[in-house]
Amino acid sequence: DAGITQSPRHKVTETGTPVTLRCHQTENHRYMYWYRQDPGHGLRLIHYSYGVKDTDKGEVSDGYSVSRSKTEDFLLTLESATSSQTSVYFCAISNRDRGSYTFGSGTRLTVV
Amino acid sequence: DQQVKQNSPSLSVQEGRISILNCDYTNSMFDYFLWYKKYPAEGPTFLISISSIKDKNEDGRFTVFLNKSAKHLSLHIVPSQPGDSAVYFCAAFNYGGSQGNLIFGKGTKLSVKP
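One line per chain: the protein sequences are A and B, in this order.
Be aware that the first sequence starts at 9, since it is given in the numbering used here, and climbs by one per residue.
Be aware that the second sequence starts at 6, since it is given in the numbering used here, and climbs by one per residue.
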């Protein structure tokens with residue numbers, strides 16, 4: 009969807025290094041989310057934001073932090089990447105209209 | 006504790022036949038249910054939804070049925086087409102809950118054979 013973009017699309021990083029993933033939206037939606045998708049686990053919520061500088065933890069937040077300094081940008085940071093954080097990360101946006109989220113194309117992160 | 010369950014990891018169907026994907030939930034506070042479709046290397050896309058006050062919603066070849074007493078919903082695809090081959094996620098939403106976050110099931114991979 010053109011209204012939401014994730015960068016980078018692919019990244020390989022070493023264990024112990026910091027990594028930041030970016031989500032950018034042009035829809036002016038209030039709510040933004042970070043999910044990870046893993047085989048056998050489906051989509052699990054990491055963190056979400058309900059406004060500028062308003063964020064909260066999701067189901068699997070350990071090892072992750074987020075920041076939202078502008079409506080359009082939501083950053084996910086792995087302070088010290090571990091192999092268990094190898095995953096596909098999806099950002100989503102919502103105006104809370106009956107839960108209809110719009111997802112980005114994903115970032116495939118490999119931690120070696 | 007999984008609130009949304011998709012117990013079938015995969016389903017294989019012949020082209021032209023009906024595909025039925027199932028989903029169970031445990032939280033009676035959910036008031037909206039959605040199905041998302043996901044192709045490889047793409048993000049999930051919204052397919053169809055249903056409010057808890059309804060028992061059926063239809064959109065072209067896709068119909069979602071909700072049985073609140075059984076806490077069960079199903080997605081019917083008729084007729085199934087090869088392009089329907091994807092992973093389907095069931096999701097539930099409590100509008101009045103914690104920021105209204107979607108809770109997803111683990112997904113069912115549908116394969117439609119020509």
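Keep in mind that the hints are not guaranteed to be accurate.
What the hints assert, rightly or not - With a cut-off of at most 27 angstroms between alpha-carbon atoms, the simulated DSS-like pairs for lysine-lysine come out as follows:
no., chain 1, residue 1, chain 2, residue 2
1, A, 19, B, 42
2, B, 73, B, 61
3, A, 65, B, 42
4, B, 59, B, 73
5, B, 61, B, 76
6, A, 19, A, 65
7, A, 19, B, 73
8, B, 42, B, 76
9, B, 73, B, 114
10, A, 65, B, 10
Note that these hints are calculated values from the structure, not bench results.
Outcome of the hint check:
Distance check on the hinted pair: residue 19 of chain A and residue 42 of chain B sit about 25 angstroms apart at the alpha-carbon level, within 27 angstroms; holds. This hinted pair checks out: residue 73 of chain B and residue 61 of chain B have alpha carbons roughly 11 angstroms apart, not beyond 27 angstroms. For the hint linking residue 65 of chain A to residue 42 of chain B, the alpha-carbon distance of about 25 angstroms falls within 27 angstroms, and the restraint holds. With a CA separation close to 9 angstroms, the supplied pair residue 59 of chain B and residue 73 of chain B stays within the 27 angstroms bound.
Annotation: proposed proximity of residue 61 of chain B to residue 76 of chain B holds, straight-line Cα distance about 14 angstroms (limit 27 angstroms). With a C-alpha separation of about 24 angstroms, the suggested pair residue 19 of chain A and residue 65 of chain A falls inside the 27 angstroms cut-off, and the hint holds. Restraint check for residue 19 of chain A and residue 73 of chain B: not satisfied, since their Cα atoms lie roughly 43 angstroms apart, outside the 27 angstroms limit. Proposed proximity of residue 42 of chain B and residue 76 of chain B is supported: the alpha carbons are some 21 angstroms apart, at most 27 angstroms.
Taking the CA atoms of residue 73 of chain B and residue 114 of chain B, the gap is about 25 angstroms. The hint holds against a cut of 27 angstroms. In summary, the hint linking residue 65 of chain A to residue 10 of chain B is supported, as the alpha carbons are separated by about 22 angstroms, within the 27 angstroms threshold.
The earlier numbered hint that this structure contradicts is number 7, and it is the only one.
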